[in-house]
Amino acid sequence: MTSTATRPTLFKAQHLLAISDLSPLDITAVLDLAQHYAESGKGLAKDGRVLAGQTQVNLFFENSTRTQSSFEIAGKRLGADVMNMAVATSSVSKGETLLDTAMTINAMHPDFLVVRHQSSGAVELLSQKVSCAVINAGDGQHEHPTQALLDALTIRRHYGRLEGLTVAICGDILHSRVARSNIHLLTKMGVRVRCVAPSTLLPSGIANFGVEVFRDMEKGLAGAEVVMMLRLQVERMSGAFVPSLREYYQFYGLTEAKLACAKPGALVMHPGPMNRGVEIDSGVADGVQSVIREQVEMGVAVRMAILDGLDRTRRAGSTS
Amino acid sequence: MIGSPARNRRAYVNAHVLAPLQGLNGPGGILVEDGWILAVGKSVTRESVGATSTVIDCKGRLLIPGLVDMRVFTGEPGSEYRETLASASEAAAAGGVTTIIVMPNTQPVIDDAAIVDYVLRRARDTAQVRVAPMAAITKGLAGEQMAEIGLLRRAGAVAVTDAVKAVSNANLFRRALMYARDCDLLVVGHAEEPSLSGGVMNAGEAASRLGLSGNPAMSEVIMLERDLRLVEMTGARYHVAQVSSALSLDVIRRAKDKGLPVTCGVSIHHLVLNETDIGAYRTFFKLAPPLRSEDDRRALVAAVADGTIDVIVSSHDPQSDDTKRLPFAEAAFGAIGLETMLSSALGLSANENIPLPRLVEALSQRPASILGLEQGRLQPGAPADFAIVDPQLSWTVEDAALRSRSKNSPYEHRTLEGHAVETVVAGRTVYEYAG
Chain D
135 MTSTATRPTL FKAQHLLAIS DLSPLDITAV LDLAQHYAES GKGLAKDGRV
185 LAGQTQVNLF FENSTRTQSS FEIAGKRLGA DVMNMAVATS SVSKGETLLD
235 TAMTINAMHP DFLVVRHQSS GAVELLSQKV SCAVINAGDG QHEHPTQALL
285 DALTIRRHYG RLEGLTVAIC GDILHSRVAR SNIHLLTKMG VRVRCVAPST
335 LLPSGIANFG VEVFRDMEKG LAGAEVVMML RLQVERMSGA FVPSLREYYQ
385 FYGLTEAKLA CAKPGALVMH PGPMNRGVEI DSGVADGVQS VIREQVEMGV
435 AVRMAILDGL DRTRRAGSTS
Chain S
38 MIGSPARNRR AYVNAHVLAP LQGLNGPGGI LVEDGWILAV GKSVTRESVG
88 ATSTVIDCKG RLLIPGLVDM RVFTGEPGSE YRETLASASE AAAAGGVTTI
138 IVMPNTQPVI DDAAIVDYVL RRARDTAQVR VAPMAAITKG LAGEQMAEIG
188 LLRRAGAVAV TDAVKAVSNA NLFRRALMYA RDCDLLVVGH AEEPSLSGGV
238 MNAGEAASRL GLSGNPAMSE VIMLERDLRL VEMTGARYHV AQVSSALSLD
288 VIRRAKDKGL PVTCGVSIHH LVLNETDIGA YRTFFKLAPP LRSEDDRRAL
338 VAAVADGTID VIVSSHDPQS DDTKRLPFAE AAFGAIGLET MLSSALGLSA
388 NENIPLPRLV EALSQRPASI LGLEQGRLQP GAPADFAIVD PQLSWTVEDA
438 ALRSRSKNSP YEHRTLEGHA VETVVAGRTV YEYAG
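Residue numbers (our numbering), protein chains in the order written: chain D, 135 to 454; chain S, 38 to 472.
No false leads were slipped in.
Derived DSS-like pairs (lysine-lysine); straight-line CA-CA distance at most 25 Å:
(1) D:K397 with D:K353
(2) S:K361 with D:K263
(3) D:K322 with D:K353
(4) D:K146 with D:K263
(5) D:K263 with S:K444
(6) D:K176 with D:K210
Note that these hints are calculated values from the structure, not bench results.
Please build the complete structure, drawing on both the sequences and the hints.
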């Protein structure tokens, strides 16, 4: 696993745009490799710097602190040269189109392009125009695949498995790419997924995603091994989806009392950033069942595994 | 160019003449002089026309009245880089379309008699096919003040419409219907309740999977119900430009059963495509109203067959790369369709059980009669506007060959069956298939 030349391929995908790019076996392989990176921590051996000499460009059209720095640290730990494009001060804000930006960056021959964009499908569109591996770091309300992978890794570390568990995803599912990626990944891995939200925050047709839908949070949490909270995306609330934050907290905020409905010791997760006192009570967020900080830690490991995996696909492609 | 029809007498013989409203469906020909039809039917043969005519052998192909397309967007005036009247007319001619009705959402808006006049003059000087404009219902399409409907009609507008917008003020729309009724002018509605239609594709599972905002069919139904109540109240002639959902068809059927002066259109795209064609965010399939489910598509096809839907339009809407090569939510709505409508319709006849005579009615004869035009009929004294069609001719839609200035065809690289081999407007050949 350490020598650059002999690493076996991890998956076939050339880009990571959506969870559908990965089969269940691929997902297990990614999680295994990420687990290895999680154990190595910062002490990765020198010959583990498998991306030495490669260039990774982080192109974030939406502001992000945690995802962008997580990708940056992941790349750097593997030895890549990482560049962050500051979109807000670049030519994008001067009216350059997404595809022009893509062509410009592509002409500099990066090996990896990590992209976040406010429009669903924008990363897919961009991947058609560049010759490097593209990683979706969140596109609109579509997908955020590395978040789902890091959530799965976090769960697997605690329960030793994914299959057969019950995970309740709670809150603003309508606007959440994290929810969509998690639903796709978890159902693929044999997890029973529940969606808990008021009807105004559920996408239409959600029942066809292979999930159970609950409007009552206490019923939705009953017996769940994992409670996954979502950020109420106040900035996306173009209309009135819930009457007030106060009311939302009453019915859908995760409190100790509601958490008591879940299985004893159930994990509490949140992709961040949190609205404390809106979707989650501060005491619960910082409580013993919370694995929110571990999610952040696993984020780096999972992103290292994805970068490594995409590099292996490229090498296999260029030698065959 | 339409002003001076060909002087010579020409006979198209050995065709299968199909014009259902004239009761024609069989072998025959058509005799043309000075841009008008002299005779049509089985009596017109090589032998009967004599030596005074130039004789064209149609080799048994279909001869139908030229298509009358009630919904065409061009960029003239204002966005000529997308489409001019000339380029749209070339696309039309290649698609067997001999009359195009252009929409008023140009820059400036066609909301003034002088602009109607401008469009008609530009068409006369540059277009290969007949062009007639619909004018705006409200000034600037702003939905606030009625446009000069009477003067617009006098200048040559064939109907009024706010194009891609509904007049959301119900009282204003009621008055516009009353006023248009007094002028005996058709009002064409856009059935979309603005507060429900902020989405970029059909609401439902497919949109949820793509993470795109949805536009529910109910938005169309609610506006259509409102419009039809106002029609009932005012007695105005009303045509809904396009419906897209099965729910709307029930509303139309009820209105027709009541005997209201209501007719209904559908775009050819909604008869052959559905929401799953969007695939991985293909913006050429981003339409307004949006492509809906397969169940909706089938219901629309059945409604064309049974006459609930009167008219098929191309809803030809040229968009440039600048407005289409964008993330789906940011891309413009619209697809071109003038050149492919006939082929797609022939496919519906072959694969979906819509009788060919019914299609010819919906593509040509009904729109002409709804608009009160003298085209769209094959009878002595009518304008010599027709197309000779080879239903078996197979061709592939390629950007470079499309005549439209914009290339946003949802059928790019697809192979279609059936094509016009010759299109005649006012007795003049405006298109010949070159292989």
